[in-house]
Amino acid sequence: MLGEERRVEHHSALTEPATVRLINPDVRDEFGLETIDMNMGPQHPAMHGLLRLILELDGETVVRCDPVMGYLHRCQEKIAENRMYPAVIPLTDRLDYFANMHNEHGYVLAVEDLLDVEIPPRAEYIRVLMCELMRLASHIPSIGFLLLELGAFTPILYAFRERERIQSIFEAVTGARMMFHYIRIGGVKADLPPDIPEKIWRFVEGLEQNFQSDFVDLIEGNEIFISRTRNVGKMTQEQAVEMGLTGPPLRCTGVDFDVRLDYPYSVYPELKFDVITDTGGDVEASYRVRIAECLESIKIIKQCLEKMPEGAVMAEMGRRIRPPEGEGFGRVESPRGEFAVHVVSDGSDTPYRVHYRDPSFVNMQLLQEIVPGHYLPDIMPIMGLVDPVSGGWDK
Amino acid sequence: MGVMQQFNEPNVLTTSSDKLFNWARKNSLWPLQFGLACCAIEMMSTGMAHNDLDRFGAGFFAASPRQADVMIVSGTVSTKMAERMTRLYEQMPEPKWVIAMGACAISGGPFLDGYSVLMGADRVIPVDVYVPGCPPRPEALIFGIMTLQKKIERDRQVGYEKPMPALVNEDGSINEYLPEREYQQISEGKAPRFENIRPLKRTYVFERKGMPPAAQTDVGWIPKEVKKKLKEKERAEKAAKENGGAGAEGKAEEPADSKGTA
Amino acid sequence: MALTLPEGNLGTRLERYLEGLRNRHGLEESGIEGDVVRVVVDSESVPAVLATAREELGVLHLSFITVVDREGSFELTYELVDFRGARVRVKTVVQGTEPVVPTVTNIYPTANWHEREAYDMFGVAFRGHPDLRRTYMWQDHFDHHPLLKSFEISTKRTFEGLR
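Protein chains in written order, with the numbering used here: chain A, 82 to 476; chain B, 52 to 313; chain C, 4 to 166.
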């Protein structure tokens, strides 16, 4: 794994496994101590969005943690029932707004499952290229946010510098910095501009060269980072699978499930890359998994650029998208986990039911199970492990 | 900030308190960290190194509403959150402003027909600047903040609707500014200790001859008509002195003179 | 402790799952389509079927639970994922306007929040659920279930008559 030779061995009391450090019950009874009910409200500088945590604290240790969601509920599933199939794509953009391409891709795969249409190979390669760039644009700020919540301000500046570069590439290709509406049913909206592959190549090479020094060397051996993230949020594989986690939170425990390899879609079968797992199960392991996944994404981007065929970028379909009655399922690997879409069609212009299985929603169950037993400040690194996005869990 | 008077020493200047307070307020607008949804990412991006909000003084995103000046509503306001947003707005101390960033905060945006979406933040709180976009580019948000700065410049802090005593008398003398209650007492005739008040004499900074006053404001601003009358009086006095020896010739020439030089 | 994920040929695994489910439970319909084992069961036997899938067949991951409001009945879809390419899709149909379905939280603990969301959005009650509260909408003073077809939003009638 990255940085293994440079990892510092710590034997301080802080890196012991986080067992339940509650106040001694005799002491508690003698002094009549009670637990405190505290609210980490929806507006909070360290929450990844609008999440309310109702905490019950025994001193500084969390005894019970209850996430309350719904502060950004935007009725996406209901609104999608009143929009035509292509018009739902901009709505999916706004689901998990750090991984827009993956949301679009998932929905479009579900509709193409219903329509049974064949996508031109160039469109598939462009989709994968955009998705992997989006994965970079999502993982790097995730690391930045993890460190911002631990108090470090530099990594997030570096992260957003990279994200700005990726967003300018997206702007050249799709026309927008954030809400792309690029992956359409049957292909992609438009072909890549002729100078873009060169630019992407140069960006990716530059990122690869500077990655180690910008994001790894600065962070990995840092004593504060290690003491705040090692053995924090430690999970076993059984716990992770039981809670239904997918994505980096699952892979950091050692289970190597990646939708790109196990349920391959698009052109992933033709690309060579590895699944990144780590055996730590804690926040530091998830950080290492994300770092390595960035490098894997760079590998995939290079392969896509080399192998991209010529041709059309949109399948020959009529303008009217009216799938036959039935159900379509699409599943992609978003940076947060497994993003699945279930589209039920009744033969008309609008979907009958669209259901989004968002990884942030499911991964948040980890907060209910894992946080009790940790100290209050450990909630921030654990949120960095889960890395939820409020558009995702609230739909 | 408009500077009214700049002396020759480098670090002394005078201005009106309106302009001073507005200058201070607009150049240190601390936003409240109120990122709701996707627009929050562009707001964060605006605060980062590439599009730097800190050069406008707005770089410190205050976590607590008690220390914030402006609330940038960035993202969809759901009805569940609207209650908390109003509470945060009420917790912010005056003076405070609100920027509605993004289509969702202006009018509900793409989720207008949602059952739990508030159709615009201005349904519950007063909004000063609307920044359209979905999400607006960082440059658009910076433009919105600059527009808010221009709006703040036009605020009046002092004496909005109070009747103020005239600063300059008819004969060109400046009244000393008195505190309000004492002024009232004087006008009611109840402040004996100000009985002997005399208007201040005009003071010049440069008493030397040949050195022109730096600006008209060196002597305090005098209305044009009063200035004309003053000049006429000056000439009258001069002429009276001369006429004391010369006679009545100057008097006939005066009206023509004063009109010519007015 | 390491978890053992299923191995082997996809086709044989799918056959094994289908046989395993068929042998132990009465299924209304069953079949294999591509990489999916499609199974339709009665609503009361859903926990038993899912327990077999998890414990004996090794299908470890519940991906999602979808509820579709078919105006008069509700159709629930449980998508189970074994981590190596096979999927098991269990469907039930519950009649009526106030459906009650037994919970699967004790088998797949991840279903906790999926079932809460189904309750919040559709009113499908899950018997035996440890904590059946609303997820998105207000906990009190809101008696509606938004994703029902009878709950109309303003754009509902946009495409009416335009088929």
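Read the hints as simulated data drawn from the structure, not as lab findings. Be aware that one or more of the hints could be misleading.
Each computed DSBU-like pair below joins lysine-lysine, with the alpha-carbon atoms no more than 35 Å apart [what the hints assert, rightly or not]:
| no. | chain 1 | residue 1 | chain 2 | residue 2 |
| --- | --- | --- | --- | --- |
| 1 | B | K289 | B | K70 |
| 2 | B | K202 | B | K292 |
| 3 | B | K70 | B | K278 |
| 4 | B | K279 | B | K289 |
| 5 | A | K270 | C | K159 |
| 6 | C | K152 | A | K280 |
Okay, the hints, checked on the actual structure:
Note on K289 of chain B and K70 of chain B: the hinted pairing is violated, with a Cα-Cα distance of about 41 Å set against a maximum of 35 Å. Under the criterion of a C-alpha separation no larger than 35 Å, the hint pairing K202 of chain B with K292 of chain B is inconsistent with the structure, at around 55 Å. The suggested pairing of K70 of chain B with K278 of chain B holds, with an alpha-carbon distance near 27 Å, which does not exceed 35 Å. This hinted pair checks out: K279 of chain B and K289 of chain B have alpha carbons roughly 15 Å apart, not beyond 35 Å.
The hinted pair formed by K270 of chain A and K159 of chain C meets the criterion: a straight-line CA distance of about 28 Å does not exceed 35 Å. Between the alpha carbons of K152 of chain C and K280 of chain A the distance comes to roughly 49 Å, so the proposed pair goes past 35 Å and is violated.
In this structure, the hints that do not hold are numbers 1, 2 and 6, in rising order.
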